[in-house]
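**Student:** Generate coordinates for the entire structure from the input sequences, incorporating the hints supplied.
Protein chains: 2
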Amino acid sequence: MSQVQEEPKVAKDTKEKILRAAMDLMALYGYKGASVRKIAKAVGIRESAIYNHFKNKEEIFKTILASLFTTPFDDFFENHPPEKDAIEGKNYLMKFAATIKELSFDARNEKLFRIIMLEIMQSDEVRKQFLKYFFDENIKKLSTAFFVMMQHALIRSGDPILMAQEFFAPLFYYRLEITLFRMDERPTHSLSSIFEKHVDFFWEGIAL
Amino acid sequence: MSQVQEEPKVAKDTKEKILRAAMDLMALYGYKGASVRKIAKAVGIRESAIYNHFKNKEEIFKTILASLFTTPFDDFFENHPPEKDAIEGKNYLMKFAATIKELSFDARNEKLFRIIMLEIMQSDEVRKQFLKYFFDENIKKLSTAFFVMMQHALIRSGDPILMAQEFFAPLFYYRLEITLFRMDERPTHSLSSIFEKHVDFFWEGIAL
DNA sequence: CAGCTATGTTAACAAGCGTTCTTTTTAAGG
DNA sequence: CCTTAAAAAGAACGCTTGTTAACATAGCTG
Numbered sequence: 001m002s003q004v005q006e007e008p009k010v011a012k013d014t015k016e017k018i019l020r021a022a023m024d025l026m027a028l029y030g031y032k033g034a035s036v037r038k039i040a041k042a043v044g045i046r047e048s049a050i051y052n053h054f055k056n057k058e059e060i061f062k063t064i065l066a067s068l069f070t071t072p073f074d075d076f077f078e079n080h081p082p083e084k085d086a087i088e089g090k091n092y093l094m095k096f097a098a099t100i101k102e103l104s105f106d107a108r109n110e111k112l113f114r115i116i117m118l119e120i121m122q123s124d125e126v127r128k129q130f131l132k133y134f135f136d137e138n139i140k141k142l143s144t145a146f147f148v149m150m151q152h153a154l155i156r157s158g159d160p161i162l163m164a165q166e167f168f169a170p171l172f173y174y175r176l177e178i179t180l181f182r183m184d185e186r187p188t189h190s191l192s193s194i195f196e197k198h199v200d201f202f203w204e205g206i207a208l
Numbered sequence: 001m002s003q004v005q006e007e008p009k010v011a012k013d014t015k016e017k018i019l020r021a022a023m024d025l026m027a028l029y030g031y032k033g034a035s036v037r038k039i040a041k042a043v044g045i046r047e048s049a050i051y052n053h054f055k056n057k058e059e060i061f062k063t064i065l066a067s068l069f070t071t072p073f074d075d076f077f078e079n080h081p082p083e084k085d086a087i088e089g090k091n092y093l094m095k096f097a098a099t100i101k102e103l104s105f106d107a108r109n110e111k112l113f114r115i116i117m118l119e120i121m122q123s124d125e126v127r128k129q130f131l132k133y134f135f136d137e138n139i140k141k142l143s144t145a146f147f148v149m150m151q152h153a154l155i156r157s158g159d160p161i162l163m164a165q166e167f168f169a170p171l172f173y174y175r176l177e178i179t180l181f182r183m184d185e186r187p188t189h190s191l192s193s194i195f196e197k198h199v200d201f202f203w204e205g206i207a208l
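Chain order of the listed sequences is A and B.
Sequential numbering from 1 applies to the first sequence in my numbering.
Sequential numbering from 1 applies to the second sequence in my numbering.
Hints were generated in silico from the structure; no laboratory data involved.
Any given hint could turn out to be false.
Each pair may be met inside one copy or between any two copies, as identical chains are not told apart.
[Stated by the list, open to error] Here are the simulated DSS-like cross-link-like pairs (lysine-lysine), alpha carbons at most 27 Å apart as the crow flies:
{"no.": "1", "residue 1": "Lys128", "residue 2": "Lys197"}
{"no.": "2", "residue 1": "Lys128", "residue 2": "Lys111"}
{"no.": "3", "residue 1": "Lys15", "residue 2": "Lys57"}
**Tutor:** Now the structure itself:
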């Protein structure tokens, strides 16, 4: 019995340690700056031991990438399908902004965002995924929400996609600002209410 | 006669060639990826000859940086001081957006923007300058414009700084989108009218 | 023309990189 | 206890990196 957990315990442990260390270092120094030796040292093993767990450095990065773009937004739209919940109007937008805000102040998501920003101009894969999530899918879902709001005469009519971009862009902008502030250890508490302010301002501009 | 151009001709020539080559390569591969040897090869000299013109690689980068953040926005606000011209209302915003649009489709500025985005998480100096220009100064000037518009009852009242951020963020977002699209050789002509659309949408939200 | 300075080449350095090979250590199962 | 396989260490490889030193070659200035 116990056929379920057949895998070697320690191995999986260090494999995850490697991924965690690699993620930390890449979030700090980028793909190139996070050398195999530095990663190994952070884990507490020799660099050659890394190759017992990963084919090469790129595979480490690929593995991290795979976890990079999962769930952050999918989760929201699954729990709050625009077709149904967008009726809430401003409240729906507030919930969305609150999600972004949460992510902005979450340590793990901060690391992921850093890696994305560090490699977005270098890695085709990162850029592809970024465009897919941050521009295409996200905007598409949000535009559905605005379309629904228009149908229910909650907001003025117009191009839902443009509206979605206009709504999302400042959120992205503030999120980037927080990350950059934090890198210089500048305080970010003044930015903590900016997401709500954005929704207030935006809603006032579109509400009927 | 011709007393004007007293300086050594060839020297300044190659020094500028080095800067240009370094800028090209750094815009493509980042600071680390643009090795001294690659730069030298692009210029057509040996890597050691570089050190006749610059103390080290970092000095090359610093020199480029110094030219990075000059004038793009300063020019606009000098030619269109918000205290005087913001009376134009929507037209003023349209002019500002047009400037961003121009920069987005200008080859040289594209390179500068790439370098900024590539090094913003790595170089303290780049980040500092970026925050100064793209967030602080820019927003401050724009907020003056909105303040003037409020005084003249062209737009609804509110926090001018928030309004400036809300106006600028989508411009930045679209500009980033264009750069990313172009890296994948995706067409950007569909984005050429987005700046005007943004102004239209935004103005409708704040106009009285 | 001699000499100086600027600019270039050639060669080399120490260090770091990703990766591979061989050997040793560790842990588990029959 | 012995076998076996996994995981780690150690050493080395070929390569690239930034930088320096020694030397050559111009071109201008006296």
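**Student:** For every hint, state whether the structure bears it out.
**Tutor:** Comparing the hints with the structure gives:
| no. | hint | result |
| --- | --- | --- |
| 1 | Lys128 with Lys197 | between (31 Å within a copy, 25 Å between copies) |
| 2 | Lys128 with Lys111 | both (19 Å within a copy, 20 Å between copies) |
| 3 | Lys15 with Lys57 | within (13 Å within a copy, 37 Å between copies) |
Taken one by one, the earlier hints all hold for this structure without exception.
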